[in-house]
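Protein chains: 2
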Amino acid sequence: MIVKKLHEVPFADTTGYEKVSKQVVLGPEDGSKEIVLRYFTLEPGGASPYHSHDFPHLVKVERGSGVHQDKDKKQTPVQAGDFVFVPDNEVHNFFNVGREPFEFICIVPGRGES
Amino acid sequence: MIVKKLHEVPFADTTGYEKVSKQVVLGPEDGSKEIVLRYFTLEPGGASPYHSHDFPHLVKVERGSGVHQDKDKKQTPVQAGDFVFVPDNEVHNFFNVGREPFEFICIVPGRGES
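Residue numbers (my numbering), protein chains in the order written: chain C, 542 to 655; chain P, 542 to 655.
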């Protein structure tokens, strides 16, 4: 069994992403190869890439508010406390239109973090 | 894409468990068959079963504080904000020794919620 606090988790490489930080909180290095839990912080103006992939996202918004953009560019506001499911192969991204950091947990199967 | 708030999620059957409630926040009914995100609330005195199974738990404590008990009955306090990884086949449970509800997200692969 492993217990961690967020501030103990190092930041992952997010070269090429502006205003985005990422922490792999529970993942392969902890022995969790099947499911990986990452923590993202999007500063104001920050966005995750608009893309799709062959794995789902299960998201819980931890702090602030942001926008989920879907395959048709439909925008849905999300805020702290919301849970979001993004199915496999669905084009999407998240971005922060607010003045505060937008922070969320994003859970993926192991193949989504390798 | 699906967005939900916790209060919209019905309570699952927890017959046989005392002082434990469970909500399947994102799961098969939402199309999330590979990974399932559940929300547990343990009232004071509540405990999850002391057991093992062939799948991991990825846990984030949302509110309150409790105890993780491992295969050797070693007890580790956990509190709001902590992330916990319980590997496959490791005997464990969680219980609430406090006066407030102890609430946590518990993520499992699909075979852990069927």
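Simulated from the structure, these hints should not be mistaken for lab results.
Incorrect hints may have been included.
Identical chains share a label here; the pair holds if one copy fits it or two copies do between them.
Derived lysine to any residue pairs resembling SDA-like cross-links, with alpha carbons at most 25 Å apart [what the hints assert, rightly or not]:
no. : residue 1 : residue 2
1   : Lys563    : Pro585
2   : Lys612    : Ser562
3   : Lys574    : Glu641
4   : Lys563    : Glu641
Worksheet item: Failing hints, ascending?
Response: Hint 3 contradicted; others consistent.
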